[in-house]
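Peer 1: These protein sequences, in sequence, are chains A and B. This note's numbering puts the first sequence at residues 1 to 339. This note's numbering puts the second sequence at residues 1001 to 1238.
These are calculated hints, taken from the structure and not from any lab test. Just so we're clear, the structure is a prediction, and the values are computed from it rather than from any experiment. For every residue, glycine included, the Cβ atom is placed at its ideal position computed from N, Cα and C. One thing to keep in mind: the hints can contain errors.
SDA-like mimics (lysine to any residue), calculated; alpha carbons at most 25 Å apart, straight line [to be verified]:
1) A:K128 - B:F1023
2) A:K128 - B:T1071
3) B:K1226 - B:G1026
4) A:K319 - B:P1094
5) A:K128 - B:K1213
6) A:K128 - B:K1226
7) A:K128 - B:D1089
8) A:K128 - B:G1026
9) A:K319 - B:E1095
10) B:K1213 - B:T1062
11) A:K319 - B:H1096
Coverage of chain B stretches by chain A, computed from C-beta distances (three or more under 8 Å per stretch; other residues unrestricted) [what the hints assert, rightly or not]:
12) 1080-1093
13) 1123-1133
14) 1189-1198
Which residues of chain A face chain B? A partial, calculated answer using Cβ under 7 Å [as the list claims (entries may be wrong)]:
15) R216
16) S218
17) G221
18) I222
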Amino acid sequence: MTELQAAPRGKPLNLPRLETRARYRDALTAIVAFVVLASLPLFFDSKALLDFVIRCSAFGLFATSLNLLVGYTGMISFGHGMFFGLGAYSFGLIMQKTGVPIPVAFIATLVLSAVAAAVIGAICVRLKEIYFAFVTLAFQMLIHSTILSWVSLTGGDQGLRGGIPRPVFLGIDLGNQVHLYVASCALLVIGLLLMRQIAQSPFGYTLRMIRDNAARASFVGIDVWRAKLTIFVLAALFASTGGVIMSLFVSGAYPEFAYWTISGEGIFINMLGGVTTFLGPMLGTVLFLILNDTVTRFTEYHGIVLGIVILFFAIGLRKGLMDFAIEWYAARRGRGEQA
Amino acid sequence: MSAQPIIEVRDLDVYYGTSQILFGIGLSVRRGETMALLGRNGAGKSTTMKAIMGLAPPRRGTVMLRGEAITGLAPHRIARAGLGFVPEDRQIFPEHTVEDNLVIGHKKGPDGQDEWSIDRIYEIFPLLDPLRHRIAGRLSGGEQQMLAIARTLMGNPALLLLDEPSEGLAPIIVQRIGELLRQLRSIGATVLIAEQNMHFCMGLASHATVIDKGQTVYTGTIDELKSNDDVRNRYLAL
């Protein structure tokens, strides 16, 4: 929080209350979404569907957290995938080396990611636009090459092998696919709800103010650097959670999780889904994974197909699918009211 | 009047890249004064304002705010130290309502002052009252200028910096803004106005600093400037 947001404490300043009703609505939506997702295994006996949703959870958290930077704050990070990789490796290593309960390893992973993001962010967020993008990319490559060359710890290009132990905790057995599925859905829904709260908070509006005009935000009295660093660290936490889900899913961690292509896929997903709505990246994730799975089944040149798709979105629609749908709906409603 | 100036600028040099814009600018404003910073187009008025605000960091010289050096600080620190900046292009939040703009601008002053409430703003700016729920981007230029000043006052500044408040506005609106600034002066606000329009400042400012080609060429009261034909003809006549 900046002092600006804290200021109105002294004197009642008829602040427009951030609608509590909207918050209840978000929480309710989250609960309904979780119940629907969690009950899918009761109706569908398809392992592939569950696997698909687990992957959606991992990438959805990652892509939505990237949108907090790209869409809400205007910080185009090309290195956000490093936190996805860091989450997967930290969690996998802690579980393999220490054998602590899963929640402990999860929290330790978040702490590690926060520290890494604070250090990397402190260097990067001073930079603007393309310089910020390149330096985040450079840190991503640094982490990737550290993973490759530190063979004794990370297994190098073989990745973390031998499986990640998943001891039962409070009756939850993440080795069981259905348990892992429900846990992933829970992490996804809680993560999205938290990110939604951040986006709709006064701090979230401060981020939009910085995106629109950082100089104006600064002479109104906002510490732009601190706000950018805060959201950089917060976004890293959610990306890292995505990595944890991924490492549980594949029971390992591979250097590709920390490669720059993961960051590229994050940007790709955001372009597919659109960055002007909160759920755009989530829709983008579903589209991306469907595309990826179907295209790779038919051709080994899936890069060409994905490239054409992104060209269609970038040059044809000039926005993501969610943006397009919402504008179309608004235009239709507008016409309806006029008629 | 207290002895220590609210703001004191000494020997300010500012460069844009390699070209030097300000050559040792100096000025000072005391509590309750309204200082006009006059000069022709391109003399360096806006750059001086930006340098004081930290938006164009000076390469040499000092800016003292109430006896403390603020030179080279980040703009948000300077804002929180008590400088309220109304930029030339106003920079209101166009997609938000008038009242939201005021709420965004609210912060306590450097000594914890909280003198400006939204209601008090509407008292001083009665024209904004009926517009409170209007989207700021749809206001007229004069209304936006008033809103920009009002938003800055909501931050309880020790000194108000106004960059060309009369620019691009119809004469009748300029007159309104002038009345408003006289009213601010009468309630004891300390103001530094950069202006090209000398006549606008005449009935309004108590003191004047004239700059030309990035240098201070005159400092004194506005009444002395009125009778100093030499300075007026040399540096201010078109």
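Peer 1: Each hint should be assessed against the structure and marked as holding or not.
Peer 2: A quick look at each hint next to the structure:
no.	hint	in the structure
1	A:K128 - B:F1023	violated, 30 Å
2	A:K128 - B:T1071	holds, 23 Å
3	B:K1226 - B:G1026	holds, 21 Å
4	A:K319 - B:P1094	holds, 23 Å
5	A:K128 - B:K1213	violated, 32 Å
6	A:K128 - B:K1226	violated, 47 Å
7	A:K128 - B:D1089	holds, 23 Å
8	A:K128 - B:G1026	violated, 33 Å
9	A:K319 - B:E1095	holds, 21 Å
10	B:K1213 - B:T1062	holds, 19 Å
11	A:K319 - B:H1096	holds, 24 Å
12	1080-1093	holds (count 5)
13	1123-1133	violated (count 0)
14	1189-1198	violated (count 0)
15	R216	holds, 5 Å
16	S218	holds, 4 Å
17	G221	holds, 4 Å
18	I222	holds, 6 Å
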